[in-house]
Amino acid sequence: MVAYTIRRLLLLIPVLLGMVIIVFSLIHAIPGDPARTILGQLATKEAVADLTKQLGLDKPLFVQFFDYIKDLLTGNLGTSLKTQSPISHEIWPYFGATVELAVVAMIIAIIIGVNAGIISAWFQNSWFDYIVMLIALIGVSIPIFWLGLMEQYVFSIKLDLLPTTGRDDIRNPVEAITHLYMLDTLLQGRFDQFIEVIKHLILPSLALATIPMAIIARITRSSMLEVMRSDYIRTARAKGMKMFWVVYKHSLKNAFIPVLTIIGLQTGLLLGGAILTETIFGWPGMGTYIYEAIEFRDYPVIQSGILILALVFVLINLIVDLLYAAIDPRIKY
Amino acid sequence: MKKKLTGLVIFVLVLSLALMGCSSSKSNGEKGKDDGKEKSGGVLVYARGGDAVKLDPAAVTDGESLIVAEQIFDTLVSYKKETTEIEPGLAKSWKVSEDGLTYTFELQEGVKFHDGTDFNAEAVVKNFDRWANGNVEKFPYYQSQFGGYKGEKAAVIKEVKAVDPKTVEFTLFRPQAPFLKNLAMTPFGISSPTAIEKYGDKYIENPVGTGPFKFKEWKRNDTITVVKNENYWKKGLPKLDTVILKVIKDNSARLNALIKGDVDLIDGLNPSDIEKVKSDKNLQIFERPSMNLGYLGFNVTKKPFDNVKVRQALSHAVNKEALIKNFYEGTAEPAKNPMPPSVSGYNDDIVDYDYDLDKAKKLLEEAGYKDGFSVDFWTMPVVRPYMPNGQKVAEAIQADFAKIGVKTKIVTMEWGTYLEKLAKGEAPMYIVGWTGDNGDADNFLYALLDKDAIGSNNNSQYSNDEVHDLLIKAQTETDEAKRNDYYKKAQEIIHNDAPWVPLAHSVPQLAGKSTIDGFFPHPTGSQSFADTSVK
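Protein sequence lines, in the order shown, are assigned to chains A and B. Throughout the first sequence, residue numbering follows full-length UniProt numbering, covering 1 to 333 in sequence. Throughout the second sequence, residue numbering follows full-length UniProt numbering, covering 1 to 535 in sequence.
Please keep in mind that the hints were generated in silico from the structure rather than gathered at the bench. None of these values were measured; they are calculated from a predicted model. Built from N, CA and C at the ideal position, the CB exists for glycine as well. Careful: at least some of the hints might be erroneous.
The calculated lysine to any residue pairs, modelled on SDA-like cross-linking and capped at a C-alpha distance of 20 Å, are [as the list claims (entries may be wrong)]:
| id | chain 1 | residue 1 | chain 2 | residue 2 |
| --- | --- | --- | --- | --- |
| 1 | A | K253 | A | N115 |
| 2 | A | K45 | B | K260 |
| 3 | B | K281 | A | L159 |
| 4 | B | K54 | A | E295 |
| 5 | B | K260 | A | L161 |
| 6 | B | K219 | A | T79 |
| 7 | B | K216 | A | N172 |
| 8 | B | K260 | A | Y153 |
| 9 | B | K138 | A | T79 |
| 10 | B | K54 | A | T79 |
| 11 | B | K219 | A | A176 |
| 12 | A | K158 | B | L283 |
| 13 | B | K276 | A | D160 |
| 14 | B | K216 | A | D169 |
| 15 | B | K421 | A | H28 |
| 16 | B | K150 | A | E46 |
| 17 | B | K219 | A | I91 |
| 18 | B | K54 | A | H89 |
| 19 | A | K59 | A | D71 |
| 20 | B | K260 | A | D169 |
| 21 | A | K45 | B | T61 |
| 22 | A | K158 | B | K216 |
| 23 | B | K260 | A | N172 |
| 24 | B | K424 | A | A49 |
| 25 | A | K45 | B | K424 |
| 26 | A | K45 | B | D452 |
| 27 | A | K45 | B | G147 |
| 28 | B | K138 | A | D169 |
| 29 | B | K138 | A | E46 |
| 30 | A | K158 | B | T61 |
| 31 | B | K260 | A | D71 |
| 32 | B | K219 | A | E175 |
| 33 | B | K370 | B | D358 |
Quick look at which bits of chain A chain B covers, simulated, 3 or more residues with Cβ under 8 Å [as the list claims (entries may be wrong)]:
| id | stretch |
| --- | --- |
| 34 | 50 to 58 |
| 35 | 141 to 155 |
| 36 | 280 to 289 |
Start from the sequences, fold in the hints, and give me the full structure.
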């Protein structure tokens, strides 16, 4: 197990290098001149040429690439072209916002998704099963921006239960320490703000959770069905074991491996795919940060942002792989 | 186990009820708080589509940055609240020499910057020196409004000198008619020299001016907070305690936030949502007077647009009324000149090319294109105040042109690339537009259609020496009536040459709570909230 962990960690190096190369090449393939975008409609030809030179964008691509690698190795993510601040400083608030949103969304997706899948399998072909599978089908196909606007309309405007946008009460803002606002408000003992933060989290995290929830439900259901047909389950039931124990103890453990894979993948996708949710809910997260950067041709920010998300994605997959071994001792490495 | 489950369900229910309870008691609490704050001004939350880029006004050209600067900084002279006419600002009066080369400003007394240092003639000199010693990347507007930086041939400002602490004198190389209007632009807001020195490169996120509000906090891509300047030199202002500028990118989500009451005022209202706002008694609409122009341009150096009859023919084939009705939801007026009517010098005597396909066909025939022709038609990929939907507008024009045998293929690309290629003159026929910076005709006609602007903003590559002479004369003429005559004449020539089909001047729409008082959206695109209050 230890050897496997170390091997997996070492394997990260070529993976990360590959990622850096891909991200760098893709970004430079985006059409459009950053200098022109930065200076706007008003700029003259000379101004654009000057700025291009100043940003080093006139250098050959491989020179730019090696400069970038050198910086990365010293922990320097570069300077944002737009704000002229070091990216390693300014990225954390966005990262915190996205992590908080993604974690809550994933918890919702897992709790509801897994349980809905289990109960569907348990009562296969019942009306509950049909309804859950129908909802899951709608869940994967629904456009998030539409769902987000509808949530706002129903829960904020019509029912007046929850706020429409943002992470906290704009008029009573949270003072950031870790940029995870749930944690920050608790650290400061501000329970009123903690409740505000939770209320702000509900709608966007529900919107973000919809797709993974639906996928997890479907995978859990099919995986459970397969396991529940196996001999040892039949034996357990024949011995008169209560259905609840059969399902939650004996079946779930073995059915959970494919579910875990999906959870890992979906968490990664969720991190990158939060742009629409963040746009609709005025959520200042990584999606917003990278989207703004793309609009502005802020190469260093796009590179670093995608790289960090990719790193998290790789780490989550690592954790999932390690969990496989922990859950199922048959998996030997 | 069953008990445990039931317990869990009850716990969740109780928790959600508690949260809802908090929600209602909290909002009551908030109302109470707002009532209490009313006497002292209150908080205004203004939601918009994008964040500021930098908070040093001289360093930016984008509206989202300038509206923040507008709260923090004052300029030597200002625009009136509802027009682009000039009124005193940090300078309470001024004199202009006969030859138009010397401007002497007498400054307000007892004004202090937010950091407590004195505002005086020396501070003005330091600001102008800083800009003049900069370059186009650092201070882009300085070049575009005052010709160039120190030592450059096109520079307008020769010297800025402190005569005494309360008097500052500008000497120009050549007279510049829109000089005062340029000075009134937000990018030339006066910063505290001490703060500029203290923060260095970080001044772009630590702005210090003399304006009605002091900068407090910037959470990037989220909120910018400014608070009341208790020592503001204009008595009784500002009325609000705090202004928070919040980014909500999506137009519909922003309107939702307004309806729910999470924010007080929003910009970028979809024209299709105007009715919804009007029917809500808690809300009101604010219309920004139009100072923009969306247009269809032809590259006059490319065939067949090098033939004036072709351009005139196509001018007869665009149904502007239909475009405005369908895509601007009626919130625009048809354009006939390359500048809006709100700008001094507008030639209202021009008779627009009427929508008449027979005339168009006849002109095409005369030009030798009896059977029409095929051409690429470029359109913009982004929404701008002057152009709500480039693609749809292009499709409508495409359908009209097809009726006279002109086949068009609609081309679009990413915005940065689009502007770059337009500037290079690669588009044979294109849609784009312009929002005025300072309310001067020069900022439309010279910036967009003079031969000097080929390569930057003269996307049609239009070059007419007679027009050029008129525009240069108008630049140096300080007599307003004479200037206007030059501009009117220039518009006549441009109308006949038809390098463009001016399409529409849109009226940008904002929406706010009905309790907002004293707010007027300025034609330049941003405004101070000093006069605004929440009832």
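Hints and how they fare:
no.	hint	verdict
1	A:K253 to A:N115	holds, 13 Å
2	A:K45 to B:K260	violated, 46 Å
3	B:K281 to A:L159	holds, 18 Å
4	B:K54 to A:E295	holds, 16 Å
5	B:K260 to A:L161	holds, 10 Å
6	B:K219 to A:T79	holds, 18 Å
7	B:K216 to A:N172	holds, 14 Å
8	B:K260 to A:Y153	holds, 9 Å
9	B:K138 to A:T79	holds, 16 Å
10	B:K54 to A:T79	holds, 15 Å
11	B:K219 to A:A176	holds, 10 Å
12	A:K158 to B:L283	holds, 16 Å
13	B:K276 to A:D160	holds, 18 Å
14	B:K216 to A:D169	holds, 17 Å
15	B:K421 to A:H28	holds, 18 Å
16	B:K150 to A:E46	holds, 16 Å
17	B:K219 to A:I91	holds, 12 Å
18	B:K54 to A:H89	holds, 17 Å
19	A:K59 to A:D71	holds, 16 Å
20	B:K260 to A:D169	holds, 13 Å
21	A:K45 to B:T61	holds, 16 Å
22	A:K158 to B:K216	violated, 34 Å
23	B:K260 to A:N172	holds, 17 Å
24	B:K424 to A:A49	holds, 13 Å
25	A:K45 to B:K424	holds, 9 Å
26	A:K45 to B:D452	holds, 12 Å
27	A:K45 to B:G147	holds, 15 Å
28	B:K138 to A:D169	violated, 36 Å
29	B:K138 to A:E46	holds, 14 Å
30	A:K158 to B:T61	violated, 40 Å
31	B:K260 to A:D71	violated, 46 Å
32	B:K219 to A:E175	holds, 11 Å
33	B:K370 to B:D358	holds, 12 Å
34	50 to 58	holds (count 3)
35	141 to 155	holds (count 5)
36	280 to 289	holds (count 6)
The earlier numbered hints that this structure contradicts are 2, 22, 28, 30, 31.
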